[in-house]
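Here's the letter readout for the chains.
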Amino acid sequence: MKRKTLGFVSMALLMSLVTACGNSGGNPTANGSEAASSSGGAAGTVIKIATQSPLSGSSSIQGEAIRLGAQMALEDRAKEFKDLGFSLELVPYDDQGDAKKGVANSEMIGADQAVLGVIGHLNSGVSIPSSVVYEKYNIPMISPASTATEFTDRKLKVANRVVARDDFQGPAGAQYAVNELGAKNIFVIQDKTAYGQGLAEAFRDEAQKLGATIAGYEAITVGEKDFNGVLNIALSKKPDFIFFGGLYAEGGLLVKQAREKGITAPFMGGDALDSSGMVEIAGDSVKDSLYSSVATDITKSAEGKKWADRYKEKFSKNAEGYSVYAYDSMSVMLNAVKSAIDANGGKLPAREAVRDAVRATKDFKGVATEVSFDDIGDNVYAKVFIYKFETAAYPGSLVSEVSKQK
Amino acid sequence: MLASILGSLPQVLIDGLALGAIYAVVALGYTMVYGILELINFAHGEVFMTGAFVGTATLFIFDDAGFLSSAPGWIVYFIVILISMIVTGLLGVLIERIAYRPLRRAPKLISLISAIGVSFVLQDLIRFIAELITGNYIVSGISLFNGSFQLGTSSLTSSFSDAFVKNNTFIILGVAILLMLGLDLFVNRTKWGVAMRAVAQDRETASLMSINVNKVIVLTFFIGSALGGATGVLFAQQYGTIDPYIGYILGLKAFTAAVLGGIGNIRGAMFGGLAIGLLEMFASANLGLITNGSFGSEYKDVFAFAILILVLIFKPEGLFGRAVKEKV
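Protein chains in written order, with my numbering: chain D, 857 to 1262; chain G, 420 to 747.
No wet-lab data here; the hints were simulated from the structure.
Incorrect hints may have been included.
Negatives, chain D to chain G, calculated, CB over 12 Å [unchecked claim]:
no., residue
1, T1005
2, Y1032
3, Q1046
Which stretches of chain G does chain D cover? Using the computed rule of at least three CB atoms under 8 Å from a CB of chain D, they are [stated by the list, open to error]:
no., region
4, 477–490
5, 554–564
6, 574–588
7, 662–673
8, 676–688
All of these numbers come straight from a predicted model, not from anything done at the bench.
A virtual CB, placed ideally from N, CA and C, is assigned to each residue, including glycine.
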């Protein structure tokens, strides 16, 4: 393990070096646009909203989706704010999916007095430490993607999210498995990581509560390729459902090796299986596997389809799962800014006012989700969506959605 | 409990043999180099990994050229293994030339660190290339023999249940046995084999007997690395997905197998590999049953390594090792 970690650390160091150089090149443009808008004068007071998401590295596709979704919402509302005498400006930051970089960016955002809010981050691991910095500067943040329970459980005034919590996803999967599919004898596998174990335990407890028996609860090691041992146990227990808490690299191999052993029970996992890599690894074996996700398939509704088409036309890219959540997050943020402006008699509001206005959001109707924040910043309308791979192609098709039971 | 263990035994044996055969052939690479240079070549796990990637890449190239559909599967398999062996064999020679030969007179610890350095370089190099070409460092290759069938082991005695066997498992076992037999014959029956054993026993004296020591060392690295590369192809075919880090844990286990059999002893490495593979698979399938759920299958490695420690306490030279005199 040690060598592996070392390898990652050295890679990370290299990456941060590279981007440090990139940043010094990037900053002048931000300053340039600032200069341009302030010299414009007539446009009025500048309000900046920052985005923080990984724009480089392995999750840059999702990170870019967040930035573009937010940008689209901002541009949609620009005229409305112009009439109020403010010009909106988006400042995208690249957190590289790295907590250190995210925190450093947060400090820069905090120092820029024109920034009133942040849309981000993608990774829970970055959202959590960065939110501490935002709390210091009273900048509200809305995450379109971070699901870890700890993100809002610390009861920060600034931390909000529009998606579901991890401790809701596992139970939602269990409800679907037991109530819809009639699973009675469930075999649970997890990968010993914080994510996988947490999800698997939440699933297991809920499934037991609903009356299913847990035939086995076994663990695998991340990075291994041979899961025959665990699957041999599953084979002898003859489960009618298998749940896996872990990532797609292991999940894909598990399905594949299970099918090779003649295990035909349905296979289900969490949002980490929501990846084209799953199909690539498991091949045809992936058919009929299920996964839960916090992102909906927006093309299902007419309004969502229209939005996705508009997104594609604007950026010539297909909308990713999180694009629309970033769009809704930005809309919520701008509504809060607007109500804070109104409350302040049409003048630029203080950050504290915007922060409280964001938390006070109630029954906002977005493209993907309705938003009402509870007292710790979780969205009470957040849903978990269950997808199924009908064919060996990504993404799977939406088969069910589970709302939080209050 | 016993009935359940017995019931899954055929499946456990088959899966364990396949895994053990892979460990065994990789262990040969460690043991041969140690026999000759008394150097633990920690880069060997990465040579194995490189073999897996070279094999997969070759298959992709064949597929693009349309060769895959026109030639029978076993011929393609054979060619892929051959290409992979040649590439990794040359890689092994290159590693020896660059990282070990300049340090041959330096203390052993220095070469060890050099070996660890090489394994880093290989991991990141392969990761870089894989990401450059496919956009993802976890690569799913083409499987040539995808089928599997049910082995009617339940007809032997009623306490066994049927086992499912991948066709590729037979290829793994067959190729591994061929490679091991070939190596055994080479070392024991040919002139070069005699030279290798002579260098292993006493490098100075061997050079006085007009044996070209450098050539023998290069040959050892070539053969050891080629064996590792061939196993890499077998591994990629068996599991379908590879990443640049597969060599690390597998290399450690193969090294353990070499130590278990007595490092420097070729037959010992073969036995050690099979033993570790079987133990691991057995522990993985049955630990939960034996301990009544308090230790799950995730403790399989603890089980296998605990046995290794026990063996080494009572027989420090390994199961087949003889005190220093004859190593190869």
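Here is how each hint holds up against the structure:
no.	hint	verdict
1	T1005	24 Å, holds
2	Y1032	26 Å, holds
3	Q1046	9 Å, violated
4	477–490	violated (count 0)
5	554–564	holds (count 3)
6	574–588	holds (count 3)
7	662–673	holds (count 5)
8	676–688	violated (count 0)
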